[in-house]
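Asks: Residue-level listing of the chains:
2 protein chains.
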Amino acid sequence: MIKVYGVHGSPYVRKVFIALDIKDVPYEIVRQMPFSEDAKYLKINPLGKIPSLVDEDLTLCDSKVICQYLDDAYPKPRLYPMRADDWARALWYEDLAGGRVSELAASIFFQRFMRPLAFKQEPDEELIARIIEKDLPPMLDYLESQIPTGRFIFGDFMMADLSIASPFINAAYAGYEVDESRWPNLAGLVARVRAQPQVAAVLEKEQRALGLD
Amino acid sequence: MIKVYGVHGSPYVRKVFIALDIKDVPYEIVRQMPFSEDAKYLKINPLGKIPSLVDEDLTLCDSKVICQYLDDAYPKPRLYPMRADDWARALWYEDLAGGRVSELAASIFFQRFMRPLAFKQEPDEELIARIIEKDLPPMLDYLESQIPTGRFIFGDFMMADLSIASPFINAAYAGYEVDESRWPNLAGLVARVRAQPQVAAVLEKEQRALGLD
Numbered sequence: 001m002i003k004v005y006g007v008h009g010s011p012y013v014r015k016v017f018i019a020l021d022i023k024d025v026p027y028e029i030v031r032q033m034p035f036s037e038d039a040k041y042l043k044i045n046p047l048g049k050i051p052s053l054v055d056e057d058l059t060l061c062d063s064k065v066i067c068q069y070l071d072d073a074y075p076k077p078r079l080y081p082m083r084a085d086d087w088a089r090a091l092w093y094e095d096l097a098g099g100r101v102s103e104l105a106a107s108i109f110f111q112r113f114m115r116p117l118a119f120k121q122e123p124d125e126e127l128i129a130r131i132i133e134k135d136l137p138p139m140l141d142y143l144e145s146q147i148p149t150g151r152f153i154f155g156d157f158m159m160a161d162l163s164i165a166s167p168f169i170n171a172a173y174a175g176y177e178v179d180e181s182r183w184p185n186l187a188g189l190v191a192r193v194r195a196q197p198q199v200a201a202v203l204e205k206e207q208r209a210l211g212l213d
Numbered sequence: 001m002i003k004v005y006g007v008h009g010s011p012y013v014r015k016v017f018i019a020l021d022i023k024d025v026p027y028e029i030v031r032q033m034p035f036s037e038d039a040k041y042l043k044i045n046p047l048g049k050i051p052s053l054v055d056e057d058l059t060l061c062d063s064k065v066i067c068q069y070l071d072d073a074y075p076k077p078r079l080y081p082m083r084a085d086d087w088a089r090a091l092w093y094e095d096l097a098g099g100r101v102s103e104l105a106a107s108i109f110f111q112r113f114m115r116p117l118a119f120k121q122e123p124d125e126e127l128i129a130r131i132i133e134k135d136l137p138p139m140l141d142y143l144e145s146q147i148p149t150g151r152f153i154f155g156d157f158m159m160a161d162l163s164i165a166s167p168f169i170n171a172a173y174a175g176y177e178v179d180e181s182r183w184p185n186l187a188g189l190v191a192r193v194r195a196q197p198q199v200a201a202v203l204e205k206e207q208r209a210l211g212l213d
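Chains as they are written, first to last, in the UniProt record's numbering: chain A, 1 to 213; chain B, 1 to 213.
Do not rely on the hints blindly, as some may be mistaken.
[What the hints assert, rightly or not] Partial selection, computed: residues in chain B whose CB lies under 10 Å from chain A:
no.: 1; residue: I29
no.: 2; residue: S36
no.: 3; residue: K43
no.: 4; residue: D57
no.: 5; residue: T59
no.: 6; residue: D62
no.: 7; residue: Y69
no.: 8; residue: A88
no.: 9; residue: D95
no.: 10; residue: L96
no.: 11; residue: R100
no.: 12; residue: P138
no.: 13; residue: M139
no.: 14; residue: L143
Note that these hints are calculated values from the structure, not bench results. Glycine residues also receive a C-beta, built at the ideal position from the N, C-alpha and C atoms.
Full structure from sequences and hints, please.
Replies: Next comes the structure, spelled out in structure tokens:
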């Protein structure tokens, strides 16, 4: 059976759980915190990040790579568009969302949620203000320009939608919501993603894991 | 005609030029430095990074995404393997090489090469020593474990080989070479990649652009 290394609550691990659930592929979760110095895990993923996937002889890291692999190995239903140009745009949105956008959203989540909880430290509100007022808006403006009004990006719900929404789900745990008067298409997309049944089911599990239920 | 935004010398732009040359697809280079604050370029790439590709109505950013698109749109010769597991491993190697490995190698290049040249500043040798002695070796150990002896990773020369070699080509401009007694498979791969005719041709152009000829 496929093994997924990770924990509930990571914006990256979430994508893999949801992709597997949508494709109805059974998997086992191997509990693994990110950035552990565990030498055994570093052999699986030299970056120590999560998720990693082990499927018999194949070991893969990085949620983008894992989700692309799953779409190829278990093609129904498709989570990436078939047309070459749409497919490439989907990859780019996922790269941007999992890169710069997640870094910023994860900083809000880390500062306001994980730091008080795990380290008993106050959040750095100056850093948070800079992210919310200065660093995030150009990214949100760009995403807003790419997202259609009232529907998923490529028609059906796909990985592009989930990967864009995922960091904002974490930011919301820390009290940050995308301003729907300023970025209505993005705010609408995040809401539509949350309402997907397989997404809602995973979010319920992770809220229990994070002690938010 | 396809437009590639970027400059010679970037480890990421290099991948795209070489992919296009191998596939014999004509393109126009639009000279663009990374991290410019040019509002027009930020509309193409909100991160301000290079390369970006514009092909009629399609705008794509990120060298991984662009190279995947090119392999799909111009399939001959293939630069990614056809088997699902090999293909996914190739994506993971490219992600690692363009991520953490490039960050480290680019720091050596920036400190020793760009900083004196462009900013008339001394390199931070303490930072360089930490990268070379502490941060890079675990990445090199991992890559060494994944690379076969005496040949390319998937038989033919492909993007996985080029993306792993590319950051080390930049580090070599700054005097850092992979120690072939410690990491012989990796050092051998970098040498084999350099010897590919389309790679050698692009390296010749970029050495002229960097004033190294």
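Asks: Of all the hints numbered above, which does this structure not satisfy? Sort the numbers upward.
Replies: The structure conflicts with hints 1, 2, although it agrees with all the remaining ones.
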